[in-house]
Structure formats: structure tokens, C-alpha cells
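Chain B with the ligands: place on chain A using the hints.
There are 2 protein chains.
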Amino acid sequence: MILKSQVEWALHCCAILAGLPEGRYLSTKALAEFHGLPKEYLSKALQSLSQAKLVESTLGPSGGYRLARPTAEITFLDVVEAVEGKERTFACSNIRANNPCRPEGYCEAGPCAVARVMWDADEAWRAKLRSVSLAALVQTLEQEIPTTLWQSSFQWVLKRAG
Amino acid sequence: MILKSQVEWALHCCAILAGLPEGRYLSTKALAEFHGLPKEYLSKALQSLSQAKLVESTLGPSGGYRLARPTAEITFLDVVEAVEGKERTFACSNIRANNPCRPEGYCEAGPCAVARVMWDADEAWRAKLRSVSLAALVQTLEQEIPTTLWQSSFQWVLKRAG
Ligand code: FES
Ligand code: FES
Numbered sequence: 244m245i246l247k248s249q250v251e252w253a254l255h256c257c258a259i260l261a262g263l264p265e266g267r268y269l270s271t272k273a274l275a276e277f278h279g280l281p282k283e284y285l286s287k288a289l290q291s292l293s294q295a296k297l298v299e300s301t302l303g304p305s306g307g308y309r310l311a312r313p314t315a316e317i318t319f320l321d322v323v324e325a326v327e328g329k330e331r332t333f334a335c336s337n338i339r340a341n342n343p344c345r346p347e348g349y350c351e352a353g354p355c356a357v358a359r360v361m362w363d364a365d366e367a368w369r370a371k372l373r374s375v376s377l378a379a380l381v382q383t384l385e386q387e388i389p390t391t392l393w394q395s396s397f398q399w400v401l402k403r404a405g
Numbered sequence: 244m245i246l247k248s249q250v251e252w253a254l255h256c257c258a259i260l261a262g263l264p265e266g267r268y269l270s271t272k273a274l275a276e277f278h279g280l281p282k283e284y285l286s287k288a289l290q291s292l293s294q295a296k297l298v299e300s301t302l303g304p305s306g307g308y309r310l311a312r313p314t315a316e317i318t319f320l321d322v323v324e325a326v327e328g329k330e331r332t333f334a335c336s337n338i339r340a341n342n343p344c345r346p347e348g349y350c351e352a353g354p355c356a357v358a359r360v361m362w363d364a365d366e367a368w369r370a371k372l373r374s375v376s377l378a379a380l381v382q383t384l385e386q387e388i389p390t391t392l393w394q395s396s397f398q399w400v401l402k403r404a405g
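So the protein lines, in turn, are chains A and B. Going by this note's numbering, the first residue of the first sequence is number 244, and it counts up by one from there. Going by this note's numbering, the first residue of the second sequence is number 244, and it counts up by one from there.
If we strip away everything but chain A, and leave its shape as in the complex, we get (with noise of 0.2 Å):
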């Protein structure tokens, strides 16, 4: 069980997107070559982002995707649920009914134990994706990529933000 690569392209993507000032927009091609994608590949992930409704979208010569809401109210859950769907990781197709020995037209009062454990893990895994904003993914990129780097990101993302 592996995320789709979308999910790290996606979460990128936000991640400068987050960085634009208000009113300003990155188009498709700018941010496909930023991150070293094919254009086609990564506009199915910000169409992703864009029906989740984390993203807005602009026509025209100067358009392209901004976020749709405030960094601290967009989180990883978000954007993995945007890529991934909401589903969750464990579908129980309920195999304790075909017991042989059940009686006919009984009917078990809850979901499975085993059920329980795989979605408890499953909610475990979204608590923590559900803990980081963008926000706080930005100030630890912040901290974490050298100045001048991160300084010449923004920059080069400025000179091409509609």
C-alpha cells in the first residue's frame, strides 16, 4: 500500500503556493518546472487540489492556482485526501458472515474486532496528517532550507506568478 507520487508533487506544490502574496497566481507550467514534472502529470494533482477546493484557479495568460484558504487552515490530511480520496485504508467486505455456523438471519450487533483495529489505525494515521498546517510545514522549510536558497525560490516563483 503505497500513496501515489501526486501526494509529494501535491503537497510541494502547496507548499509554494503558500509563499505567493495575496492576489497573485502560479500557472501549471511554472510549477511543473519547478518541481522537475512533466506539465500533464501534475495538472491531474492540482486538479485534485483544485476539486477539494484547497486551491483556486484563474483563466487566462496570467492565470493559474493560488490556495483557497489560509495556510493554517490547510493541513496534510487535506491535501492527502484531495489526491487520495477520503476513504478509509481498510475496507472490510464483512467475511465473518460467510461463518458457516451462523445462524440463519443472524445479524452481528457491530462492525468486526478486526475492522476496529484497522480503522483505529487508519484514524491514528489521520490524527497525525491532520496535526501539520501548511503553515507550520512552511516555517520548518523555513528553518530548515539555507537562505539564499530558499530567498532565490521565491524570487524565481515572483517572476513567474500572474
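Don't read these hints as lab results, they were simulated from the structure. Careful, some of the hints might be misleading.
A pair counts as met if it fits within one copy or between any two copies, since identical chains are not told apart.
Said to hold, decoys possible - The calculated DSS-like cross-link candidates involving lysine-lysine, where the alpha carbons are at most 27 Å apart (straight line), are:
1. Lys296 <-> Lys247
2. Lys402 <-> Lys287
3. Lys247 <-> Lys282
4. Lys402 <-> Lys282
5. Lys247 <-> Lys329
6. Lys296 <-> Lys402
7. Lys247 <-> Lys402
8. Lys296 <-> Lys329
9. Lys329 <-> Lys402
10. Lys287 <-> Lys247
11. Lys282 <-> Lys296
12. Lys282 <-> Lys329
13. Lys272 <-> Lys402
14. Lys287 <-> Lys272
15. Lys272 <-> Lys247
16. Lys272 <-> Lys296
17. Lys272 <-> Lys282
Okay, now just chain B with the ligands, sitting in the frame of chain A:
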């Protein structure tokens, strides 16, 4: 990102094998019949458990599978990893290295902040799965499944165990 159906099957098979008396084995056929699954599909899941050394098999007419370790020493994580592999659910392709502003020869000191959050979440998921043993699962099932169904299921299994 959804786990294979085999995870559900493997966990339920382990719960059944957990109830086998010392020295007894249960065939793929019986396990498949009990769970209403095609034998050919289930045998793949059982082979995964065998490769991970969670179950042992014997050949011959009374052959089959039994747990290779005490139930307190097999966790949900062991079973999930037997089926799904041990790789982390997030793979970082280091796309940050494509940043066009990155100085020639520059190399980051550690893993990307994005990847670290994703790996922390993966670890939270694994920690939860690691915290529940087959022994604990069987105890819960025994409490929740009506006594008559629990007992008739065991009789069904013992009649078929080698
Ligand atoms: S019946 Fe689905 S996990 Fe038990
Ligand atoms: S470079 Fe892979 S997650 Fe950041």
C-alpha cells in the same frame, strides 16, 4: 490507498489458527470454506503469512497451517506487513532536488520536511497495528461473539483440523 482484501482474509485466518490446539493444522480448503473464499485466492494470502514466518505448514492429507509463534507474539502489524510488505506508505522521490535555483552540487543534510510528516503518520499507523496482538484480538472476539456461535465454529474447525 486501500489495503488488499487479503489483509482482511489473513487476519481472520490467523484468528482461527489462534484457536487450534497445539500440534494441529488447518488446511487451506477448510480456511477457504469457513471464510467463503475461493481456495486459490486465499492460498496466496496464506503463502504470504508463511513467507513471513507467521505460520508453518505441513504437507500431506492432514496437512495445513498453524501459527508459528504464540498468539501474544504476533501483532496486527506482522500480518499486515506479511501481506502488504514493509515499505513505508509514502515514498519520497526527492523532487526538491529539481528546484532550478538549487546551487550546483548542493545536497540537503536530511530528509525533506514533507516526507518526515508523511513518515511520522505512517509510523503512527504502524504503532497502532503493533499494539494489538492476536491474543488480544481473540480475547475481544470471544467476548463479542455469542457463545454458541463461538463454540460451534470451533467444533467445525476441529473436525477438519489435521
Ligand atoms: S469481517 Fe471484515 S474485518 Fe472482520
Ligand atoms: S522531496 Fe520528497 S517529500 Fe519533499
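Tested hints:
Proximity of Lys296 and Lys247 under a CA criterion of 27 Å is satisfied intra-copy only: 20 Å inside one chain copy versus 30 Å between copies. For the identical chains of this complex, Lys402 and Lys287 are intra-copy neighbours only, at 24 Å inside a copy versus 55 Å across copies, given an alpha-carbon limit of 27 Å. Taking identical chains as interchangeable, the C-alpha atoms of Lys247 and Lys282 lie at most 27 Å apart only when both belong to the same chain, with a minimum of 17 Å there against 31 Å between chains. In this assembly of identical chains, Lys402 and Lys282 lie within 27 Å of each other by CA distance solely inside one copy; the values are 19 Å within and 61 Å between copies.
Taking CA atoms no more than 27 Å apart as the test, Lys247 paired with Lys329 passes in both settings, with 14 Å inside one copy and 17 Å between copies. Taking identical chains as interchangeable, the C-alpha atoms of Lys296 and Lys402 lie at most 27 Å apart only when both belong to the same chain, with a minimum of 26 Å there against 57 Å between chains. In this homomeric assembly, Lys247 and Lys402 never come within 27 Å of each other (Cα to Cα): the closest approach is 30 Å inside a single copy and 46 Å across copies. Taking the closest pair of Cα atoms, Lys296 and Lys329 come within 27 Å of each other only inside a single copy of the chain (14 Å); across copies the shortest separation is 34 Å, beyond that limit.
In the homo-oligomer, the alpha carbons of Lys329 and Lys402 never lie at most 27 Å apart, since the shortest distance is 36 Å inside one protomer and 43 Å across protomers. Taking the closest pair of Cα atoms, Lys287 and Lys247 come within 27 Å of each other both inside a single copy (12 Å) and across two copies (25 Å). In the homo-oligomer, the alpha carbons of Lys282 and Lys296 lie at most 27 Å apart inside one protomer (20 Å), although the nearest pairing across protomers, at 45 Å, exceeds that limit. In this assembly of identical chains, Lys282 and Lys329 lie within 27 Å of each other by CA distance solely inside one copy; the values are 25 Å within and 32 Å between copies.
Taking the closest pair of Cα atoms, Lys272 and Lys402 come within 27 Å of each other only inside a single copy of the chain (13 Å); across copies the shortest separation is 66 Å, beyond that limit. Proximity of Lys287 and Lys272 under a CA criterion of 27 Å is satisfied intra-copy only: 13 Å inside one chain copy versus 45 Å between copies. For the identical chains of this complex, Lys272 and Lys247 are intra-copy neighbours only, at 21 Å inside a copy versus 36 Å across copies, given an alpha-carbon limit of 27 Å. Taking the shortest alpha-carbon separations for Lys272 and Lys296, only the intra-copy value of 20 Å comes in at or below 27 Å, while the best inter-copy value is 49 Å.
Taking identical chains as interchangeable, the C-alpha atoms of Lys272 and Lys282 lie at most 27 Å apart only when both belong to the same chain, with a minimum of 6 Å there against 51 Å between chains.
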